[in-house]
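Here are the chains, one letter per residue:
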Amino acid sequence: MALSSTLYNSIFKRTSTFALACVACAFFFERTFDLGVDTLFNKINEGKLWRDIKPSEEQ
Amino acid sequence: MLKPATVSSYLKGVTQVVGNQLNVGKQVAVLPAKQVSFTVPSPLGLSKSLPNGNVTITCALGTPSQVRWAHTDITVPDWTEYRKDSVKSPNVRSSESEESRKNFAYLMAGTLGVGSAYAAKSLVTQFVSSMSASADVLALAKIEIKLADIPEGKSVTFKWRGKPLFVRHRTQAEIQTEQNTPSSSLETLNMIASVLKTQNGCVPISNAGDFGGYYCPCHGSHYDASGRIRKGPAPLNLEVPEYSFPSDGLLIVG
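Line by line, the protein sequences give chains A and B.
Just so you know, the first sequence maps onto residues 1 to 59 in the UniProt record's numbering.
Just so you know, the second sequence maps onto residues 1 to 254 in the UniProt record's numbering.
Please note that a few of the clues may not be correct.
[What the hints assert, rightly or not] So the derived list for chain B, only partly shown, Cβ under 10 Å to chain A, looks like this:
1. Tyr82
2. Lys84
3. Leu107
4. Gly113
5. Val114
6. Ala117
7. Lys121
8. Ser122
9. Gly232
10. Pro233
11. Asn237
12. Glu239
13. Pro241
No lab work stands behind these hints: they were computed from the structure.
All values derive from a computational prediction rather than experimental measurement.
C-beta: ideal position from N, C-alpha, C; glycine also.
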């Protein structure tokens, strides 16, 4: 209860802090989300990527 | 028209007449408030007095065409299905769970906001980066210079991206002189000096001016051998472009 009231009073109550929190979260979300999606892409396309076929192509 | 006798006091409307304030000559008598008492009929008596069975409605000139029911037979819809668990019980104050409910709603809105900000940023980045030069254009816009061709103490002018590029092989004495001149943007680079006059597209003259570097004839700006502005109206140093030395004696600008 104390946590939720602190959260509400400090962030959600004012639009300014709410928007600021959104932007700050978006910054971290972007880094993690992009990294996660790239990792997933590389995992799905394992063996087809240039870094995988580079030794056989360059010989 | 329906007029159940015992419930007429419940169904009556009240009209208030406000006296005309403009009529100041007359004294308005204030009557004592009249106490109206009525007995609440028993549910049985109430149900007897209320219309049931076939109700006929007359419609004629001079008779009211509206039938008002007592609204006692309408059940209030049950919204329990749509309520949050914290406000289902009628015995618990809703203000106790107010903040957690608010937090939930704001958290949902905030998550949407974060997602939208991410999407908007990606979209703008995509569009803006599509305007910049592509990799193949940038690859063509490079210049390779063999450093051995430039004798020491000489400045050679190349044309690069439509602008003059000066590559100067500075002597040790020149380097010492430049290094002894304190500057906030001191170039520690030995070979490459500068490209592009900062004003109006004038081309500076090399090995000229008061400081043995470059001299701009248009406005009389003196630059030293590192391309720094030393004297004259030019507001900025000569620009040093991006460069690299991929191997010994080879310089790539761009």
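For this session: Please name the hints from earlier in the document that this structure breaks, with their numbers sorted from lowest to highest.
Result: Numbers 1, 2, 9, 10, 11, 12 and 13 - these are the hints that the structure violates, sorted from lowest upward.
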